Amino acid sequence: MLPREIRARVNLLMSGGSSSGKTTLLNGLASCIAGDERIVTIEEAAELRLQQDHICRLESLPGSERAVSLRQLVRHAVRMRPDRLIVGEVRGGEALDMLQAMNTGHEGAMTTIHANSPRDALARLETLVLMAGIELPVRAIRQQIPGRDRRQG
Numbered sequence: 163m164l165p166r167e168i169r170a171r172v173n174l175l176m177s178g179g180s181s182s183g184k185t186t187l188l189n190g191l192a193s194c195i196a197g198d199e200r201i202v203t204i205e206e207a208a209e210l211r212l213q214q215d216h217i218c219r220l221e222s223l224p225g226s227e228r229a230v231s232l233r234q235l236v237r238h239a240v241r242m243r244p245d246r247l248i249v250g251e252v253r254g255g256e257a258l259d260m261l262q263a264m265n266t267g268h269e270g271a272m273t274t275i276h277a278n279s280p281r282d283a284l285a286r287l288e289t290l291v292l293m294a295g296i297e298l299p300v301r302a303i304r305q306q307i308p309g310r311d312r313r314q315g
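Residues 163 to 315 in my numbering are what the sequence shown spells out, letter by letter.
Check the hints yourself; a few may be wrong.
Pairs of lysine to aspartate or glutamate, EDC-like flavour, derived with a Cα cap of 20 Å [said to hold, decoys possible]:
#	residue 1	residue 2
1	184	205
2	184	206
3	184	209
4	184	221
5	184	282
6	184	167
Please keep in mind that the hints were generated in silico from the structure rather than gathered at the bench. Here the structure is a predicted model, which means the values were calculated and not measured.
Take the sequences, apply the hints, and build the full model.
Below, the structure written as structure tokens:
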């Protein structure tokens, strides 16, 4: 079922605890992407092992004079006209930029998030979006997350 979703260009957020296999699953699903698609990956440390021909790998450089954050890389990646955008893991304000990309025509995007359940993953995604430092009401954030129950507090 999931390979079919990949071919259909469905955006995916995979969640799980530490060492639960999120990156392994992401690697497996990304291997279903057609070889002629332009893929841009963004990671803190290179863990994805994709074999397609058209891959641009971006890696953050935190804590240096030339620091480049995941958030900056997501913003730049969108301008690179990727067919697929893959962020190894959202863990900060880059969640906002990834969510915006997913909602503005970048279909088939994929990322992972640390959470213990699907419900926790959605709540955590809201929290990470707030970490971007932009004054957004929670209601506006929830409207950007497909499947999020807008009635939840």
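Cross-check of the supplied hints:
Restraint check for residue 184 and residue 205: satisfied, since their Cα atoms lie roughly 14 Å apart, inside the 20 Å limit. A distance of roughly 15 Å separates the Cα atoms of residue 184 and residue 206; the hinted pair therefore holds under the 20 Å criterion. Our distance criterion of 20 Å between C-alpha atoms is met by residue 184 and residue 209, whose separation comes to about 11 Å. As the CA atoms of residue 184 and residue 221 are separated by approximately 18 Å, the hinted pair is consistent with the 20 Å bound.
Pair hint residue 184 plus residue 282 holds up; C-alpha atoms about 15 Å apart against a cutoff of 20 Å. For the given pair, residue 184 sits about 17 Å from residue 167 by alpha-carbon distance, which is consistent with the 20 Å threshold.
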